[in-house]
Amino acid sequence: GAVVSQHPSWVICKSGTSVKIECRSLDFQATTMFWYRQFPKQSLMLMATSNEGSKATYEQGVEKDKFLINHASLTLSTLTVTSAHPEDSSFYICSARKGRYNEQFFGPGTRLTVL
Amino acid sequence: GEDVEQSLFLSVREGDSSVINCTYTDSSSTYLYWYKQEPGAGLQLLTYIFSNMDMKQDQRLTVLLNKKDKHLSLRIADTQTGDSAIYFCAVDSGYSTLTFGKGTMLLVSP
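As given, the protein sequences belong to chains A and B, one line each in that order.
Numbered per the numbering used here, the first sequence spans residues 1 to 115.
Numbered per the numbering used here, the second sequence spans residues 1 to 110.
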């Protein structure tokens with residue numbers, strides 16, 4: 001199988017606080033994980049590529065100091081939204097790459113609402 | 001960079017076939033994928049095709065690739081109400097990243 005979990009599935013926080021989202025590959029090791037953001041009725045936007053043991057690669061326009069990514073092990077990557085504001089409210093989805101054919105398996109997503 | 005386009009909406013009756021189309025711009029794309037997203041959920045990989053293939057069939061799903069026209073399609077045979085979802089076409093943009101289309105909402109009516 002290829003199961004990816006995310007925690008939490010939804011979170012509501014106050015403006016100015018930080019929120020950590022976890023992404024785990026449950027039954028395989030993933031040297032590469034990806035973080036996406038999805039706005040309502042829109043496609044996924046790649047935020048960053050997370051490689052185990054090294055710094056994440058951020059897409060153009062994504063603030064690395066705001067969206068901290070840590071890929072500490074082959075099965076876990078975390079995304080921390082620092083000093084969250086209402087405009088950070090979104091659906092955040094992670095994926096983990098398995099195999100040599102770039103198959104990406106996605107987590108169920110985390111709905112973040114910043115009040 | 002890569003640009004991936006999809007029609008936004010498709011409505012079919014249960015039992016009919018559905019065809020979802022996708023066009024892309026980067027001819028060097030190696031792998032092309034179809035994902036399904038149900039409301040409030042993450043993405044589920046349905047199938048993928050290598051760029052050196054013209055067709056791939058997997059049960060009710062048929063993927064056709066016209067590399068010359070950079071056109072990809074997903075055909076769902078005998079569409080069921082449970083197939084109602086958003087379908088995303090995604091193209092390998094190199095360096096292990098994927099570029100997604102905006103998604104096609106498929107609505108299946110009884």
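Please note that the accuracy of each hint is not assured.
Unchecked claim - Restricting the straight-line Cα-Cα distance to at most 20 Å, the calculated cross-link-like pairs of lysine to aspartate or glutamate (EDC-like) are:
1. K56/B to D88/A
2. K20/A to E103/A
3. K55/A to D27/A
4. K66/A to D88/A
5. K67/B to D26/B
6. K102/B to E59/A
7. K67/B to D78/B
8. K36/B to E5/B
9. K36/B to E103/A
To be verified - Cβ-Cβ distance ranges computed for the label pairs, FRET-style:
10. Q29/A to N52/B: 40 to 46 Å
11. T31/A to D58/B: 47 to 53 Å
12. D58/B to D65/A: 23 to 29 Å
13. H7/A to Q57/B: 15 to 21 Å
In short, the hints are calculated from the structure, not lab data.
Model, not experiment: these values are computed from the prediction.
Idealized CB from N, CA, C, for every residue including glycine.
Is the hinted pair K66/A and D88/A satisfied, with a Cα-Cα distance of at most 20 Å? holds, 10 Å
Is K36/B close enough to E5/B, meaning Cα to Cα at most 20 Å? Given pair K36/B, E5/B holds - Cα atoms ~16 Å apart, limit 20 Å.
Distance restraint evaluation - Q29/A, N52/B, Cβ atoms, bounds 40 to 46 Å: violated, 28 Å
If you draw a straight line from the CA of K102/B to the CA of E59/A, is it 20 Å or shorter? holds, 18 Å
Take a quick look at whether K55/A and D27/A sit within 20 Å of each other, Cα to Cα. This hinted pair is violated, its Cα atoms lying about 24 Å apart.
20 Å Cα cutoff - pair K56/B, D88/A: violated, 39 Å
Between T31/A and D58/B, is the Cβ distance one that fits in 47 to 53 Å? violated, 27 Å
Hint consistency between K36/B and E103/A [alpha-carbon to alpha-carbon, up to 20 Å]: Holds, at roughly 14 Å.
Does the alpha-carbon distance linking K67/B and D78/B stay inside the 20 Å limit? violated, 27 Å
Taking 23 to 29 Å as the hint, is the beta-carbon distance of D58/B and D65/A inside that range? violated, 43 Å
Check the following: the C-beta atoms of H7/A and Q57/B are separated by a distance inside 15 to 21 Å. violated, 37 Å
For K20/A and E103/A, compute the direct alpha-carbon distance and say whether it is at most 20 Å. violated, 25 Å
The structure fails to meet hints 1, 2, 3, 7, 10, 11, 12, 13 from the earlier list, while all remaining hints are met.
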